[in-house]
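Enquirer: Read off the chains here:
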Amino acid sequence: MRDQIINYSYLIAAVLFMLGLKKLSSPATARNGNRLSMLGMTIAIIATLFKQEIVSFNLIVIGVVTGSVIGAVTAKKVKMTAMPEMVAIFNGFGGGASALVAISVYHRLTPNFESFLLIALLLSVIIGAITFTGSVIAFGKLHGIVSGSPIVYTGQQVVNGMLGIVMVALVVGVFIVPADLKVFYGIFTLALVLGVLFVIPIGGADMPVVISLLNSYSGVAVSMTGFVLNNNALIIVGSMVGAAGLFLTMIMCKAMNRSLANVLFGAFGAVKEGAVAVGSTVTGAVKSYTIEDAFIILENAESLIIVPGYGMAAAHAQHAVRELADLLEGKGVEVRYAIHPVAGRMPGHMNVLLAEADVPYDKLFAMEEINDDFPHTDVALVIGANDVVNPAAKNNPGSPIYGMPVLNVEEAKTVIVLKRSMNPGFAGIENELFLMDNTMMIFGDAKQTLHDIISHLKD
Amino acid sequence: MEGSILIGIYVFVLAIFLGFELISKVPPTLHTPLMSGANAISGITLVGAIVAAGLDVDVRLTTAIGLAAVILATINVVGGYLVTDRMLEMFKKKEK
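Each protein sequence line maps, in turn, to chains Z and F.
Take the first sequence: its position 22, counted from the start at 1, is 21 in numbering that gives the first Met the number 0, and no numbers get skipped.
Take the second sequence: its position 43, counted from the start at 1, is 42 in numbering that gives the first Met the number 0, and no numbers get skipped.
Everything labelled a hint here was simulated from the structure, so no lab data went into it.
Accuracy of the hints is not assured; some may be wrong.
Stated by the list, open to error - With a straight-line Cα cutoff of 27 Å, these simulated DSS-like cross-link-like pairs (lysine-lysine) come out: (1) Z/K362 x F/K24; (2) Z/K21 x F/K24; (3) F/K91 x Z/K76; (4) Z/K362 x F/K91; (5) F/K91 x Z/K21; (6) Z/K78 x F/K91; (7) Z/K75 x Z/K21; (8) F/K24 x Z/K253; (9) Z/K412 x Z/K286; (10) Z/K75 x F/K91; (11) Z/K412 x Z/K393.
As the list claims (entries may be wrong) - Where chain F lies over chain Z, by a calculated footprint (3+ residues, C-beta under 8 Å): (12) 17-24; (13) 98-109; (14) 207-220; (15) 228-239.
None of the values given here were measured: they were computed from a predicted structure.
All residues carry an ideal CB built from backbone N, CA and C; glycine is no exception.
Isolated chain Z (complex conformation) (with noise of 0.2 Å):
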């Protein structure tokens, strides 16, 4: 009866969360969706402790106490530009927990197994270690303290080949003697060690993809968990939570024209040397302007497209942005937003900023809704963007870029580029956008040029 009364719980708190994800398909219904979430989430955790398993509550409350205090405290003071690494290492952790929750399975069960439970405990322990020692990493890589750019070396596919089938070998020989903790620990360390070695390889450019993939993994493990445990709620969740990462995975690649392998093993490094060769058919130099130029440009604007990259949350200038947007319309200028898949380190990550700056989301456009109106606009606004205004995408198959789908910025009257320095961006393919006539390069951080331009306008 008891037992039936807690399924039953997890029922209501799995119907409520496919609730919640489906009033996310609008801005307006979206936050009543995460909180009927919350409260199926609460259904289910009050149920749990119901369990008769449960003899002693200490170690739960200091646990659920330590990680709430320590959830809530970082959740409120997380800047919204910061969101990416946020998400990542919270991913990390449910990743942890999962892996951890199989563990000890195995060793309250150890060493009688059915072999599906085997298999189950085993890949929650492997995919969920990945999970967060991949996380960890990047986490490190987006907030800056492991360098951002790909880390390879010689041999580096033989090494993670040979370890996968250490792996392979270590999972045959739990089956042979489950007791055995060094090889059942052997795997946890193992699958710990891959999480390290799959992610330092990627660029920070590449974040998007690895962010999403590493959020379908949590969820895979908390499905494995789930036939662990035997519990149908986590087989749900965590099945509907690996469909979502694995629906922005294929969105991110998409939006770069890459198949998902060539982003995980590909190194764009290795493209890059022919590519730098052929891209060099451009030349000239790139000439500077200044803020008044600039200023006379928009005040002379009736329409401006503002395209936002990476740049904008490095510099803190979404709030700058939008002052400037809101002086403009002021004086009539039609003002829209052009989002990229790709902008950014994360999906979405671009509209998460500019919805801190309070620009109404309507004025958001995204890449197919825009793109074949830059011809008719006067002025085009890049900040900190690079690779996803790359004309090169398209004219140029040397380039690693070639065939990724990019923002026609160069069609409009005049492109204002606010960029930090000339160093070119990723992977260091050159950007001939850069180099063009009609294209204003300003050098200097984002936010004060942005204030520069909004003081002149307010004069």
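With the hints as your guide, set chain F onto chain Z.
Expert: Quick look at chain F alone, frame taken from chain Z:
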């Protein structure tokens, strides 16, 4: 056991399709909250962690691992939901 495994696999496969269906309706502008919200939900693994931490204490190691799992999963759940709520609040303001 055989039967419940099979049901589990059914549930797993069907929920993947449902997940895809639900998530493909989420507009790109909400992709970050989608990710952090989904992430928070995946902290449901806390359910398993709670059981592990509350078991009979004659297996010390199991409960210690359970405690670590509870902490990690709770950070995931609480942090994930709160941060998602913060983001969605910003999106909602524009309704006015």
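Enquirer: So, for every hint listed, does it hold in this structure?
Expert: A quick look at each hint next to the structure:
no. : hint            : result
1   : Z/K362 x F/K24  : holds (20 Å)
2   : Z/K21 x F/K24   : holds (8 Å)
3   : F/K91 x Z/K76   : holds (20 Å)
4   : Z/K362 x F/K91  : holds (14 Å)
5   : F/K91 x Z/K21   : holds (16 Å)
6   : Z/K78 x F/K91   : holds (18 Å)
7   : Z/K75 x Z/K21   : holds (25 Å)
8   : F/K24 x Z/K253  : holds (17 Å)
9   : Z/K412 x Z/K286 : holds (17 Å)
10  : Z/K75 x F/K91   : holds (18 Å)
11  : Z/K412 x Z/K393 : holds (19 Å)
12  : 17-24           : holds (count 6)
13  : 98-109          : holds (count 7)
14  : 207-220         : holds (count 6)
15  : 228-239         : holds (count 12)
Consistency note: the structure conflicts with none of the earlier hints.
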